[in-house]
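Between the sequences and the hints, there should be enough to build the whole structure, so can you do that?
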Amino acid sequence: MKRLIDSVLNTVTMYHVVVAGLVTMSVVALVLMSTGTLGYSPLTFIISIILSVGTALASNKLFGWLFGVRVHSESATITGLIIALVFTPPATFVIALKLILVVMIAMASKYVITIRNKHVFNAAAFGIVTGSVSGLAYATWWIATPAMIPITLLVAVAILYKTKRLQMGSLFVAVSVGLLGIQAAFDGSISIDTFVSAITSWPLLFVAGVMLSEPLTLPPRRKQQLAVAALVGALSVSAIHIGPVLMTPALALIAGNVLAFYWSTRGSIKLRFAGKKQMGKSYYDLQFDVSRLPFVPGQYVELTLPHAHADVRGQRRVFTIVGKPGDDQISIGIRLPETTSSFKKALIGLKPGDVVYGVRIAGDFVLPDDPDTPIVCIAGGIGITPFMSFLMSVDRPITIIYAVRSIDDVAYLQQLRHYNATVTIVSSDGDGTLADDSWKHRTGELSRAVLADSIPVADQPHVYISGPPAMVSSTKKQVKSLGIRTVRTDHFTGY
Numbered sequence: 053m054k055r056l057i058d059s060v061l062n063t064v065t066m067y068h069v070v071v072a073g074l075v076t077m078s079v080v081a082l083v084l085m086s087t088g089t090l091g092y093s094p095l096t097f098i099i100s101i102i103l104s105v106g107t108a109l110a111s112n113k114l115f116g117w118l119f120g121v122r123v124h125s126e127s128a129t130i131t132g133l134i135i136a137l138v139f140t141p142p143a144t145f146v147i148a149l150k151l152i153l154v155v156m157i158a159m160a161s162k163y164v165i166t167i168r169n170k171h172v173f174n175a176a177a178f179g180i181v182t183g184s185v186s187g188l189a190y191a192t193w194w195i196a197t198p199a200m201i202p203i204t205l206l207v208a209v210a211i212l213y214k215t216k217r218l219q220m221g222s223l224f225v226a227v228s229v230g231l232l233g234i235q236a237a238f239d240g241s242i243s244i245d246t247f248v249s250a251i252t253s254w255p256l257l258f259v260a261g262v263m264l265s266e267p268l269t270l271p272p273r274r275k276q277q278l279a280v281a282a283l284v285g286a287l288s289v290s291a292i293h294i295g296p297v298l299m300t301p302a303l304a305l306i307a308g309n310v311l312a313f314y315w316s317t318r319g320s321i322k323l324r325f326a327g328k329k330q331m332g333k334s335y336y337d338l339q340f341d342v343s344r345l346p347f348v349p350g351q352y353v354e355l356t357l358p359h360a361h362a363d364v365r366g367q368r369r370v371f372t373i374v375g376k377p378g379d380d381q382i383s384i385g386i387r388l389p390e391t392t393s394s395f396k397k398a399l400i401g402l403k404p405g406d407v408v409y410g411v412r413i414a415g416d417f418v419l420p421d422d423p424d425t426p427i428v429c430i431a432g433g434i435g436i437t438p439f440m441s442f443l444m445s446v447d448r449p450i451t452i453i454y455a456v457r458s459i460d461d462v463a464y465l466q467q468l469r470h471y472n473a474t475v476t477i478v479s480s481d482g483d484g485t486l487a488d489d490s491w492k493h494r495t496g497e498l499s500r501a502v503l504a505d506s507i508p509v510a511d512q513p514h515v516y517i518s519g520p521p522a523m524v525s526s527t528k529k530q531v532k533s534l535g536i537r538t539v540r541t542d543h544f545t546g547y
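According to the working numbering, the stretch in the sequence shown is residues 53 to 547, in order.
These are computed hints drawn from the structure, not numbers from a lab. Among the clues, some could well be false.
Unchecked claim - In silico DSSO-like cross-links for lysine-lysine, where the CA-CA straight-line distance does not exceed 30 Å:
hint, residue 1, residue 2
1, K403, K333
2, K528, K216
3, K216, K529
4, K275, K216
5, K397, K376
6, K170, K216
7, K275, K170
8, K376, K492
9, K403, K322
10, K216, K322
11, K492, K532
12, K170, K403
13, K333, K396
14, K329, K396
15, K492, K333
16, K396, K216
17, K376, K216
18, K528, K396
19, K216, K397
20, K328, K376
21, K492, K528
22, K492, K329
23, K376, K322
24, K528, K54
25, K403, K113
What follows is the structure in structure tokens.
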């Protein structure tokens with residue numbers, strides 16, 4: 053089942069998963085309204101969706117034009133759908149007009165409230181808070197109703213699983229529910245109903261899966277994300293108020309956004325294309341000139357590349373940074389199969405001098421702080437890229453086990469020869485000659501026997517595995533079966 057789920061989710065972007073999830077929730081809500089389970093007019097809800105999404109898309113284009121920024125339509129669609137699902141469907145023209153204004157305020161926040169061209173707040177949360185504080189409109193969070201819990205849970209889990217933030221979402225819910233339980237205990241009214249009500253009457257699942265998980269308003273490291281989740285979870289159910297302004301899940305998320313921004317890269321990231329070179333049969337190294345790029349070796353950058361006729365894989369992709377912190381040039385490695393995405397076609401078609409923007413740098417696939425910890429890196433295909441950053445950035449012995457179809461497919465060949473690494477190439481095709489006499493070559497699959505022969509198990513090294521999801525999952529099981537305690541993974545999903 054897990055493999056089937058991965059095969060589906062890995063073919064689409066996170067943004068498509070969120071849009072699909074919100075659309076599914078809207079359809080379910082519409083059905084429940086039609087049967088009388090939800091007490092709203094189906095027609096009014098349809099109008100609410102049209103107004104919210106239409107206004108979000110239109111205002112997004114307007115603000116993009118005014119500020120000279122290329123827009124990301126999927127994020128606007130998400131904002132519109134969120135607002136339609138938390139504000140009561142408008143029954144009058146005046147209420148509909150207020151809803152439109154809330155959406156416009158939400159979209160404006162992405163362009164007006166920025167620091168070095170990077171927006172700070174979750175747009176939907178900002179619109180909700182501004183509407184409430186100004187008295188313009190109040191979110192009823194009607195989506196948090198028992199009838200909608202099953203589909204909300206399914207969508208939240210799908211999004212958090214896709215983004216690998218299940219732990220973060222679970223912590224948020226656990227903190228919120230736990231504090232509600234503690235409050236009930238002090239009031240002498242705690243029971244099973246306390247916890248059932250926390251899930252069915254509070255929008256915790258919706259906030260965790262759809263709003264808290266927004267990558268652009270999260271900090272880069274997992275521990276930081278967990279801290280933000282705990283903070284937002286605690287504030288969401290608190291009785292804190294500043295004058296007439298009461299704490300709400302949306303206001304709690306705004307507070308979390310501030311903390312996340314403190315930890316994040318402050319500003320958009322400008323990368324100027326410098327050139328490319330082919331590595332092996334289907335790999336390319338794309339070089340970019342940069343300045344002041346703060347990253348830790350092993351982290352990734354999310355690039356946005358608006359282009360005509362974008363396919364289902366979208367206009368944003370994440371790539372591991374290949375380079376050394378502080379250098380004025382970094383690169384990214386890509387695999388270019390015969391059938392490739394519109395994004396990669398646009399990327400490979402860049403000309404020297406073209407500018408691409410990164411929207412965030414993140415990731416926990418980094419080396420341990422202790423320089424004496426033995427390191428073993430297992431790569432599959434273009435999954436070698438984070439390990440190239442390791443080699444470029446630190447002077448420590450590293451064991452590389454590199455699985456490829458054939459020796460001719462080895463990427464970053466010359467760089468691998470240059471650095472302090474013990475290299476074993478594992479190829480299914482036995483033909484070819486190794487580039488370095490000190491390297492080892494094993495023919496066949498990346499089996500447990502090959503791993504046992506190449507990993508110094510007695511030293512209990514930290515093992516890093518990077519490559520296609522199926523390869524990473526199977527290799528992790530094999531490495532664990534050898535008795536290795538610390539295994540870190542990085543999945544190259546190819547979306």
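Against the structure, the hints come out as follows:
no. : hint         : result
1   : K403 to K333 : holds, 21 Å
2   : K528 to K216 : holds, 17 Å
3   : K216 to K529 : holds, 19 Å
4   : K275 to K216 : holds, 13 Å
5   : K397 to K376 : holds, 27 Å
6   : K170 to K216 : holds, 23 Å
7   : K275 to K170 : holds, 22 Å
8   : K376 to K492 : holds, 27 Å
9   : K403 to K322 : holds, 15 Å
10  : K216 to K322 : holds, 27 Å
11  : K492 to K532 : holds, 23 Å
12  : K170 to K403 : holds, 25 Å
13  : K333 to K396 : holds, 16 Å
14  : K329 to K396 : holds, 15 Å
15  : K492 to K333 : holds, 21 Å
16  : K396 to K216 : holds, 23 Å
17  : K376 to K216 : holds, 26 Å
18  : K528 to K396 : holds, 29 Å
19  : K216 to K397 : holds, 27 Å
20  : K328 to K376 : holds, 18 Å
21  : K492 to K528 : holds, 22 Å
22  : K492 to K329 : holds, 26 Å
23  : K376 to K322 : holds, 17 Å
24  : K528 to K54  : holds, 15 Å
25  : K403 to K113 : holds, 26 Å
Violated hints are absent here; each numbered hint is respected by the structure.
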